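The sequence shown begins at 86 in my numbering and counts up by one.
Because the hints were derived from the structure by calculation, they are not lab data. Among the clues, some could well be false.
Listed below are the simulated DMTMM-like cross-link pairs for lysine to aspartate or glutamate, each with C-alpha atoms no more than 25 Å apart in a straight line [as the list claims (entries may be wrong)]:
1) K195 - D130
2) K222 - D211
3) K105 - D91
4) K153 - D91
5) K142 - D199
6) K200 - E189
7) K220 - D130
8) K153 - D199
9) K195 - E157
10) K164 - D211
11) K142 - E152
12) K222 - E102
13) K222 - D199
14) K195 - D138
15) K223 - E152
16) K222 - D149
17) K200 - D138
18) K200 - D149
19) K153 - D130
20) K223 - D211
21) K105 - D138
22) K200 - E214
23) K164 - E214
24) K223 - D149
25) K223 - E157
As the structure is a computational prediction, the values presented were derived from the model and not from experiment.
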Amino acid sequence: MKKKEDLTKADEAQWKEYLKNPKDIFDKERLDEKSLNTNHRLRFDLHGFTLLDANQKVRELIVDCQEKGFREILLITGKGLHSNTDQNTYVSKELSKLKFSIPEYINSNKDLSDKIYSMEQASIIDGGEGAFIIKIKKL
86 MKKKEDLTKA DEAQWKEYLK NPKDIFDKER LDEKSLNTNH RLRFDLHGFT
136 LLDANQKVRE LIVDCQEKGF REILLITGKG LHSNTDQNTY VSKELSKLKF
186 SIPEYINSNK DLSDKIYSME QASIIDGGEG AFIIKIKKL
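Turn these sequences into a full structure, and let the hints steer you where they fit.
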């Protein structure tokens, strides 16, 4: 490519006009953190967490994500297939699994349920039965 030595007045005027409203250039420096997170989804895996630890972590995630402008949390709980609570006769087989206990925990805490729009099972691509999506309200 041969470089043009002298810029004509017409070229300079055209360039300045283009810079006023560039439509086909993505300027990542114009983005701030809040606009980056507007449609952003946080992904968090709860495999290996106990019920108490998972509940505490979910509380932290919902509060932090709302403050930072995240709109969704993809929460991976697993399907409960490897849960070792089935051997304990004093523990509920459903509620001892994160898949069932996390939604119950959120719905039973008004301060948390007030921060979300909805909670639904994730699509197969996002984890299906072993994950769900929490949609967060704006502050």
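So, going through the hints one by one against the coordinates:
no. : hint        : in the structure
1   : K195 - D130 : 24 Å, holds
2   : K222 - D211 : 21 Å, holds
3   : K105 - D91  : 22 Å, holds
4   : K153 - D91  : 49 Å, violated
5   : K142 - D199 : 17 Å, holds
6   : K200 - E189 : 15 Å, holds
7   : K220 - D130 : 16 Å, holds
8   : K153 - D199 : 17 Å, holds
9   : K195 - E157 : 19 Å, holds
10  : K164 - D211 : 13 Å, holds
11  : K142 - E152 : 15 Å, holds
12  : K222 - E102 : 40 Å, violated
13  : K222 - D199 : 8 Å, holds
14  : K195 - D138 : 19 Å, holds
15  : K223 - E152 : 8 Å, holds
16  : K222 - D149 : 12 Å, holds
17  : K200 - D138 : 20 Å, holds
18  : K200 - D149 : 11 Å, holds
19  : K153 - D130 : 19 Å, holds
20  : K223 - D211 : 23 Å, holds
21  : K105 - D138 : 52 Å, violated
22  : K200 - E214 : 23 Å, holds
23  : K164 - E214 : 6 Å, holds
24  : K223 - D149 : 12 Å, holds
25  : K223 - E157 : 11 Å, holds
Of the hints listed earlier, those the structure fails to meet are numbers 4, 12, 21, in rising order.
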